[in-house]
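Trainee: Residues per chain are reported as follows:
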Amino acid sequence: MTFDKQNSQVTIYIDDQPYQVSTDNNLLAGVLSQKLNLPYFCWHPSMGSVGACRQCAVTQYQDENDQRGRLVMACTTPVTDGMRISLKDSQSEQFREQVIAAMMTNHPHDCPVCAEGGECHLQDMTVMTGHTHRNYQGEKRTFNNQYLGEFVGHEMNRCITCYRCVRFYKDYAGGDDFGVYGSKNQVYFGRQQEGQLESEFSGNLVEVCPTGVFTNKLFSAHYARKWDLQSAPSICAHCSIGCNTSVGERYGSVRRVMNRYNQAINGYFLCDRGRFGIGFVNGEKRLRQASGIRQSSPERLSKLDVSKALVHFRGKRFIGVGSARASFEANYLLKQFVGNSKFSLGLTERQMQLASLHQQYLSQYQPVSIADIEQSDFVLIVDEDITQTAPRMALAVRQALRNASIEKASELGVPHWQDSAVRTIGGQELSPLYLIQSMGTKLDNVAEQVIMQSTAATIKLLNLMTELITSNAPLIDIHHQGQQLSSLLNQLVSAKKPLIIGGWSRQSPQLLSAIMSLLDVLTKADMPVRSAIVAQEVNQVGAISLLDQQSLSVEDILENVKQEQSSEVGGIIFLEQELSGVSQTQLEQLKQTQLAIIALDHSENAVTALADIVLPAASVTEGDGHYVNYQGLIQRYYQVHPNRLPIMDSWRWLTLLATTLFAEHPLAKEAQSLSQLHDDCRQYDAKWPMLPLDDHYDIARESHRTSGRTSKTANISVHEPKTTQSTDGYRFSMEGSKPSSTAEMPFTWAPGWNSNQSITQFQQEVAGSLLLPMTTQYLSIAQSIAKYCDHSEAVVQTSQANALQFSQQIKWYQGDWQAGLTPEFTLIESTNYIFLSSDYASQQGWQSGQWLQVSCMSSKDNAPTSVIAELFFDPRLSDELCYGQLNELATFDVKQVSLMAASEKQVADYKMRRKAEHTKAEQAQQYMLERLKQQDQFIPIRLMNGGLDDV
Amino acid sequence: MLSQFRTIWLVLKHTFTKADTVEYPEKKPYLAPRYRGRIVLTREPDGQERCVACNLCAVACPVDCIALQQTIDDDGRKRAEFFRINFSRCILCGFCEEACPTYAIQLTPDVELAEYDRQNLVYEKEHLLINGVGKYPDYSFYQQSGIAIKDKAKGAGAQEKPPIDIKGLMP
Ligand code: SF4
Ligand code: SF4
Ligand code: SF4
Ligand code: SF4
Ligand code: FES
Chain A
1 MTFDKQNSQV TIYIDDQPYQ VSTDNNLLAG VLSQKLNLPY FCWHPSMGSV
51 GACRQCAVTQ YQDENDQRGR LVMACTTPVT DGMRISLKDS QSEQFREQVI
101 AAMMTNHPHD CPVCAEGGEC HLQDMTVMTG HTHRNYQGEK RTFNNQYLGE
151 FVGHEMNRCI TCYRCVRFYK DYAGGDDFGV YGSKNQVYFG RQQEGQLESE
201 FSGNLVEVCP TGVFTNKLFS AHYARKWDLQ SAPSICAHCS IGCNTSVGER
251 YGSVRRVMNR YNQAINGYFL CDRGRFGIGF VNGEKRLRQA SGIRQSSPER
301 LSKLDVSKAL VHFRGKRFIG VGSARASFEA NYLLKQFVGN SKFSLGLTER
351 QMQLASLHQQ YLSQYQPVSI ADIEQSDFVL IVDEDITQTA PRMALAVRQA
401 LRNASIEKAS ELGVPHWQDS AVRTIGGQEL SPLYLIQSMG TKLDNVAEQV
451 IMQSTAATIK LLNLMTELIT SNAPLIDIHH QGQQLSSLLN QLVSAKKPLI
501 IGGWSRQSPQ LLSAIMSLLD VLTKADMPVR SAIVAQEVNQ VGAISLLDQQ
551 SLSVEDILEN VKQEQSSEVG GIIFLEQELS GVSQTQLEQL KQTQLAIIAL
601 DHSENAVTAL ADIVLPAASV TEGDGHYVNY QGLIQRYYQV HPNRLPIMDS
651 WRWLTLLATT LFAEHPLAKE AQSLSQLHDD CRQYDAKWPM LPLDDHYDIA
701 RESHRTSGRT SKTANISVHE PKTTQSTDGY RFSMEGSKPS STAEMPFTWA
751 PGWNSNQSIT QFQQEVAGSL LLPMTTQYLS IAQSIAKYCD HSEAVVQTSQ
801 ANALQFSQQI KWYQGDWQAG LTPEFTLIES TNYIFLSSDY ASQQGWQSGQ
851 WLQVSCMSSK DNAPTSVIAE LFFDPRLSDE LCYGQLNELA TFDVKQVSLM
901 AASEKQVADY KMRRKAEHTK AEQAQQYMLE RLKQQDQFIP IRLMNGGLDD
951 V
Chain B
1 MLSQFRTIWL VLKHTFTKAD TVEYPEKKPY LAPRYRGRIV LTREPDGQER
51 CVACNLCAVA CPVDCIALQQ TIDDDGRKRA EFFRINFSRC ILCGFCEEAC
101 PTYAIQLTPD VELAEYDRQN LVYEKEHLLI NGVGKYPDYS FYQQSGIAIK
151 DKAKGAGAQE KPPIDIKGLM P
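Top to bottom, those sequences are chains A and B.
Numbering-wise, the numbering used here puts 731 at position 731 of the first sequence, and it's gapless, one number per residue.
Numbering-wise, the numbering used here puts 125 at position 125 of the second sequence, and it's gapless, one number per residue.
Honestly, the hints are just simulated from the structure, not real lab data.
No more than 16 Å apart at the CA atoms, straight line, and that leaves these computed lysine to aspartate or glutamate pairs for EDC-like:
(1) B:K154 <-> B:D165
(2) A:K217 <-> B:D73
(3) A:K217 <-> A:E150
(4) A:K933 <-> B:E81
(5) A:K408 <-> A:E429
(6) B:K152 <-> A:D110
(7) B:K161 <-> A:E139
(8) A:K933 <-> B:D73
(9) A:K496 <-> A:E407
(10) A:K170 <-> A:E198
(11) A:K217 <-> B:D74
(12) A:K738 <-> A:D698
(13) B:K125 <-> A:D936
(14) B:K154 <-> A:E139
(15) A:K591 <-> A:E559
(16) B:K152 <-> B:D74
(17) A:K184 <-> B:D165
(18) B:K154 <-> A:D110
(19) A:K496 <-> A:D372
(20) A:K811 <-> A:E829
(21) A:K140 <-> B:D165
(22) B:K135 <-> B:D110
(23) B:K167 <-> A:E194
Sample of chain B residues at the chain A side, in silico, Cβ under 8 Å:
(24) R84
(25) Q144
(26) I147
Given the structure is predicted, the values throughout are model-derived calculations rather than measurements.
Glycine included, every Cβ here is placed at the ideal spot set by N, Cα and C.
The task is simple: from the sequences and hints, build the whole structure.
Mentor: So, in C-alpha cells, the structure goes:
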C-alpha cells in the first residue's frame, strides 16, 4: 500500500483507556497496532478494507456521557482525535459472536481433515469471539470443488465469503483467470474452467484465505500440523530478490515454505517459485554420499579419509570455480584459498562484462528496495521480464501503478485504505509504466506504452534518450523508428519518484551499459531517479562482488586446462557450479583432462558427473550462511534441520579441504560454527562485512506444542536421544526462547493467533517494521574489474536466409537450475510456442495455432538444431522479430531462428514426447513422496551439529 | 489379660471372614468399560479405519508419546501412514481420547502393560488397530464432514444440501 505518511498520532479511548493511534490507517489497524484483539476477516494489512465480513464491529460513543453508542465497522472507520470506542461492551461482543455463528451455519465439520487446522484464522476468530457452540441444526450448503492445478487445493465448502482471495488474485496481483460467481448464499470463488492457476502468485491464496478453502497441495500430500513443524528463518534461494521465508520440517524432511514478513522486501507475499519450488531439497538428484574417497569405516566418512584422499595434491595450485547460488562465505573462502588469479565464477566472457558493469552500477547506485518500488510514480522497465525473473518485484510494480488512483482518491478525501472506494474512483487510471522489450510480458496490459523491438534497437533507443537528455533539447514530438517517445521522456524527467529497472536476462552488456549511461545523465541532471538491476541468481551480487581483474572466465579455465602440462595447476574445485554456460564439447574437454576435479554440490549435474571427487553439500534448508540480494543486502539463512552427514555446508567442506590442500593459508582451520568462521575472516580481512551474528540466542525451532517427542524415534530405540546441539542461536528442540525473541523469527505465533496473521502482534504498527530491528547490512561493492568497454560485437548480423531475431521467454518455474529439479515444475511446463507478427505469418501463409519447425543457430554446439512450436500472433512485433518459449532450448542462448511449417508427424512425435515427459514427472513426484514417507520413520540421530566427526 | 483374649478372639473370627485380597492374576478384578488402560484405534461401523491422522491426540498428549504421519489414500480418505504410541511413556490420562474428533482413539480397561524389555512397549498401528467400534457404536466422521470421499460425493453427508449448481441463473 502506498501513501505519504503524515504519521500523525492522536489519542483515542478504547474501553476508557487512552491509546496513541496513527490517523494514517483505519480504526481496525489502529486497534491491532495496539496489540489488542479484534477479530476480522476481509481486511488485509496490504490490501486495505472493503467492509465485507462485518466481523470487526466495535461500539463507538459520541462522548464520555454517551451510554448507548452505535456499532461501526472498525475497518471502514477512520481514526479521529479523541474518539471513544469499546471492544468489550456486550453489544459489539454479541454482534461479533453472531457474525461467526452465521458463518458457521454453512461451514463444514472439517477441521480434523483440513490442512488449515491449527493455523486457521477462522478457528482463531471463532475462539476470540467466544462462539463455542454450534446452534444451527439445519442443512449445510455444499459446493463442488475445482482442480486448480498442481499447487493449490480447493475446498469451497469452507468459504466464508470474505472476498480476500479474489481481491488478492485479481486486484492486487493482476490475475485474470480467477473470479467470483453467483449471488447470495451461493457465491463461488474459482476459475471459469478447471485448470492450472496462471498467476505466479497463486500460492498466496493459501495464506490470504482465512479458512482452508485454498491449501498447499504439495504440503498436504506430506502433511504436518503447524505446531509440529520445526522451522527456521530462511531466504528463498530462487532469485536475486531474496524474499524472506520460513521453512518447516518434520521427521527429517522439509515440508513447506511460508512467507516470513520483511517490510522492505517481500512484505506479506511470496511468488510461487519460492513457495512451491522447495522440492529440490528432497529431490531424487540429491547427493547424499561422497564419492571418489575411500572410506575406512563403512558407517561414515571421517576427516582422515578426506585428507588421505587429498594429500597427494598438497602444494599444487587449484582453480576454484564458485557460483551465484553458493553462500557468500563459501565463495569467499574459495577465492582466498585458490588465490585471485585462480578464482572464477564460471561466467563466460560476455557474462564477465555484465558482471563488471554490475559491479560498477552497484558501486555508484543504491538499488531501491521492493517496498520503495511501491512508492514510484513512474516505472520504466528495459527488456527484462520481471514477472518471470523476479516475480515479487513485478508485484511491487503493480502496486506502484495504483499510486495515481490513490492520489486521485485522496484529493476527494478518500483514504488509501478504503480499497474498493479507491478502485472505483481510480477506475482505469494507473501511474505510468513504460516497457521497452523484445517479448510480450504479463505487465503489458497495465503499461502506458509498450515498445516492442529487438534488444539491439533498444540499445539505440536508450542511447538516443541519453543524448536527448544530455543536450537538454525540448522533448516534444520525438520519434524513434516509428515510436512516439515524447510522453515517455517527459514523464521520466518530470516524475518525483521515477524508477528504471533492467537486468541480466538478455545477457547483453551493451544493454546494461546503455541503461547505466541513461542513469548517469539523469543523476547528473539532479533528477530523483531510482533504479534496480535484476541479477539471475540468489547470491549473484555477493558472488560478483568477489570478482577482480585477475578472475577467470570459463574460456580462461578451458585455456588453462589445455595447457595443463605446462602449468602448475593440480586440479579444479567446483563450488555448487553446474556450468550451465558451457557446451558439451567444452565439458568433454574438461572430462579428458588429467587435472583432479573436485565438485561440491547438493544435487547431481554435468559437473558432478565428470568429477573425480564429489562432496555432498548442504542445500539452503540444511545449510547456514548468507546470500546477498540484488540490492547488496546481506541476509542469513539458517539450518531448518540438522544435516545428515556427510552432507555439510560448503564452507565446512572448504575449510576441511584447506587443512590438507592449502595448509599454510591462515583461514585453513576448521571453524566450529558460522560465527567462528566470521571471526576468523574478520581477523584475516579488514574488509570482511561486520555482521552481528547473534548466536547468543537460544530460540526454539519447534513450537512449544510440538508432539511426538518421546515417540518419533521410539521404533529405533525406546531411549530418547539428546537433542542435537547447535551453534547458530536456534535450538533443534521445543525448548528455548520464544520465536519472537529476534526479528528473524523461525515461525510466527502469538497467543490466540495461530495463523501467519499473528505477525501483527510483532509489528510496530500494522504493515510496519518489526518490533525488533532486522539487521540491514549492505555489502560494499567496489568496481574491481576494469571498466567495461563496448566492443560492439554482439549485434548479430543476419547470417542465415530469412532468419528472425528471437527472444526466449523463460518462465518463472524454469528460472534457475534448482527450480528445474522440482518435479512439480516439470508438470506445469507449457508446450513450445512462438509469437510472430501477423504480417510475416500471412506472407508465409501460416495460421495462428499452426505448428512450426523452429531451427536455431545457437551459440552452443549441443543445442538441438530444431524444435517444434505452436504459432501465435503478436501484432506489435516487427517482421524480423519473434519471441516464444522453446523448452528444449531454455538453457541455451538462442538469438536467431528460422522457421518453416512442421509436418504432422513431427507434431505428433512432439506431443507424444511431451506426454511421456509428463508421465515421467508424475512418477518422479509419486516416487519422491513414497520415499519421503518411508524415511519419516528413520530420523537420523545426531548429538552435535558440527563437522564430519561430530556425529 | 482381657486384651489378650480379645486379640485371640478377633484373630479366630477373621479366619472365617471373606478375604479382601483378590487372587490376581488368577482372578481378574472388574474394571468399568471407561477405565483408562491400553489404548486402541477403532473402526467405523462399516469397518473402515476411523483415524484421519489429524494429530489432535498427539498434541494433546502431555508426555508426547504419540507420533504419526498423515497420508491421503486413493479413496480420498486420510489415514495414518504410521501411528506409534510409546506405552513406556504413556500415563494413561485419556487426553488423547478426549481430543479425538472421530472417536478413533479409545482407552480400554486392559491395564496389563508390563514387559521385561521397554522396547516392547512401543506399539505401532498394527498393534493398536482393533476390528471394532469400541465404545461408540455408530459414529462415522466422514458422514459428518464436508469433504468428498469414494462412495460419498459432495452434498451426500449428513445434514447437507446437494451441491450448488454454479452455472445456474436463479438468484
Ligand atoms: S477452515 Fe479452519 S475452521 Fe474451517 S475446517 Fe478448516 S481449520 Fe476448521
Ligand atoms: S475462498 Fe477464502 S478468501 Fe475467498 S472468499 Fe472464501 S474464505 Fe474468503
Ligand atoms: S523466486 Fe524471487 S520473488 Fe519469488 S519468492 Fe523467491 S526470492 Fe521472492
Ligand atoms: S485424534 Fe483421533 S483421528 Fe486424530 S490422529 Fe488421533 S486418533 Fe487419529
Ligand atoms: S474486517 Fe471489517 S468488515 Fe471485514
